[in-house]
Structures are given as structure tokens and as C-alpha cells.
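> Work out the full structure, taking the sequences as your base and the hints as a guide.
For the sequence shown, UniProt numbering begins at 1 and goes up steadily by one.
For the record, the hints were derived by calculation from the structure and aren't laboratory data.
Errors might be hidden in some of the hints.
Unchecked claim - Calculated cross-link-like contacts (lysine to aspartate or glutamate; reagent style EDC-like; alpha-carbon spacing at most 20 angstroms):
#1 K48 - E93
#2 K48 - E102
#3 K83 - E94
#4 K83 - E68
#5 K83 - E93
#6 K60 - D112
#7 K92 - E102
#8 K99 - E61
#9 K92 - D112
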Amino acid sequence: MFYENESGNFDVYSTSFALCAVTATVIFIFFNQTLMFGISSLLKRRIKQNRSPRLLALIKEADELKQEQSKFSPTNDFAAYFKIDRKLNPIKEEIEQLKAQESKTGASLKADVIAKVLTQAVGFTLLHFSAPYQAFCISSTIFWPVNFMLRFPSYFYESQCRDESLTPVSLFAVIYSFFVVSMRLMPGKKDNSKLKMS
Numbered sequence: 001m002f003y004e005n006e007s008g009n010f011d012v013y014s015t016s017f018a019l020c021a022v023t024a025t026v027i028f029i030f031f032n033q034t035l036m037f038g039i040s041s042l043l044k045r046r047i048k049q050n051r052s053p054r055l056l057a058l059i060k061e062a063d064e065l066k067q068e069q070s071k072f073s074p075t076n077d078f079a080a081y082f083k084i085d086r087k088l089n090p091i092k093e094e095i096e097q098l099k100a101q102e103s104k105t106g107a108s109l110k111a112d113v114i115a116k117v118l119t120q121a122v123g124f125t126l127l128h129f130s131a132p133y134q135a136f137c138i139s140s141t142i143f144w145p146v147n148f149m150l151r152f153p154s155y156f157y158e159s160q161c162r163d164e165s166l167t168p169v170s171l172f173a174v175i176y177s178f179f180v181v182s183m184r185l186m187p188g189k190k191d192n193s194k195l196k197m198s
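Here it is as C-alpha cells:
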């Protein structure tokens with residue numbers, strides 16, 4: 001976990017960079033779904049802003065008619081109420097038709113796909129940068145035969161252990177485990193799990 005420079009001394013920069021890079025990767029993985037939802041929502045909002053002028057005009061007109069209609073009672077002001085209703089119905093139908101045409105283009109689905117691809121690409125990139133960093137070594141007999149999983153994502157990097165009987169543990173595995181345990185011990189998590197069970 002502590003990296004040395006060419007002189008064999010403790011390298012503060014390399015160690016700090018390793019900790020920051022791996023911590024950023026773990027945080028990104030933990031909040032991946034939230035980020036993906038946020039990006040998707042942002043894209044969908046942008047798509048809505050680029051809607052056809054006709055659809056936007058109809059929605060505005062429908063809202064104005066609804067506000068006007070709310071001033072009348074369907075029983076006491078029958079004629080006035082249903083006069084507005086007759087104007088409103090064809091507008092609603094046209095709005096639904098335009099929205100149906102809009103959904104056929106798959107703009108909403110495209111936003112979800114773009115958000116998913118983007119977050120996965122960033123996630124894999126961060127994993128790539130955090131892969132070389134190993135925290136410490138443990139005996140190959142510990143957690144055998146699944147101890148190789150503790151090396152993730154450093155599988156394609158040479159072991160930094162000086163003894164072949166030792167297995168490296170990646171810095172990613174250490175920080176990820178710390179986050180998992182911390183999330184489990186957070187107050188409120190247990191209460192939520194009890195509520196779900198009940």
C-alpha cells in the first residue's frame with residue numbers, strides 16, 4: 001500500500017494518488033445507479049425542451065383551458081363547463097397523438113442507453129486506473145480457493161509480493177470492503193431492513 005520512489009523512500013505522491021484513484025472508483029461504483037438515473041433524467045429534460053413547437057403550444061393551450069374550466073361547476077355552470085370541455089377534448093387527442101409519435105422515435109429509451117453506456121465506460125476506465133495498486137499480501141492458504149478474488153481488478157498485473165506463497169490483495173478490494181462494512185453499520189440501514197422484512 002505504501003509506495004517507494006527510486007531512492008527507496010516513502011513516496012507520498014504515489015501513495016496519495018493510489019488512495020484517491022481507488023477511492024474514487026469505489027465511490028463511483030457505489031453510486032453508479034444514482035449517477036445513471038441523474039444523467040438519464042438530464043438527457044430526457046433536454047429532449048423535452050426540444051419538443052415540437054406545435055406540441056408545446058397545445059400543452060400550453062390545454063393548461064389555460066383547464067384553468068378556465070376549473071372556475072365553473074359541471075352542475076351549476078353546465079353550459080359553460082362543457083363548452084370548454086368540447087374545446088379541450090380535440091386538443092387532448094392531438095397532444096396524445098404527438099406524444100405517441102414522439103415515443104416512436106425512442107428518445108426516452110436512447111437517453112437511458114446513453115446514460116448506461118456512459119456510466120459503464122467511466123466505471124471501466126476508473127477500474128483500469130485503479131487496477132495496478134495492491135495493498136498487501138496474505139498467505140495463499142487464507143480464503144482458499146477464492147482468495148484470488150481479493151486481487152480484483154489487478155489480475156493482469158504482476159504480483160508485488162516477494163514470496164510466491166503469498167497472494168496479493170488489491171487496494172480496490174480493501175477500500176471496497178471498508179465501504180461495504182461502513183454502509184452495513186450505518187444507523188438507519190438496519191431499521192430499513194427490518195421494515196422491509198415486516
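> Now, for every hint given, state plainly whether the structure supports it.
Here is what the structure says about each hint:
Distance hint between K48 and E93 is fulfilled; the C-alpha atoms sit about 19 angstroms from each other, no more than 20 angstroms. For the given pair, K48 sits about 10 angstroms from E102 by alpha-carbon distance, which is consistent with the 20 angstroms threshold. Note on K83 and E94: the hinted pairing holds, with a Cα-Cα distance of about 18 angstroms set against a maximum of 20 angstroms. Proximity of K83 to E68 is assessed by CA-CA distance (about 11 angstroms); at most 20 angstroms being required, the pair is judged to hold.
Our distance criterion of 20 angstroms between C-alpha atoms is met by K83 and E93, whose separation comes to about 17 angstroms. Distance check on the hinted pair: K60 and D112 sit about 27 angstroms apart at the alpha-carbon level, beyond 20 angstroms; violated. With a C-alpha separation of about 15 angstroms, the suggested pair K92 and E102 falls inside the 20 angstroms cut-off, and the hint holds. Between the alpha carbons of K99 and E61 the distance comes to roughly 16 angstroms, so the proposed pair stays at or under 20 angstroms and holds.
At most 20 angstroms may separate the alpha-carbon atoms for a hinted pair to count; K92 and D112 exceed this at roughly 27 angstroms.
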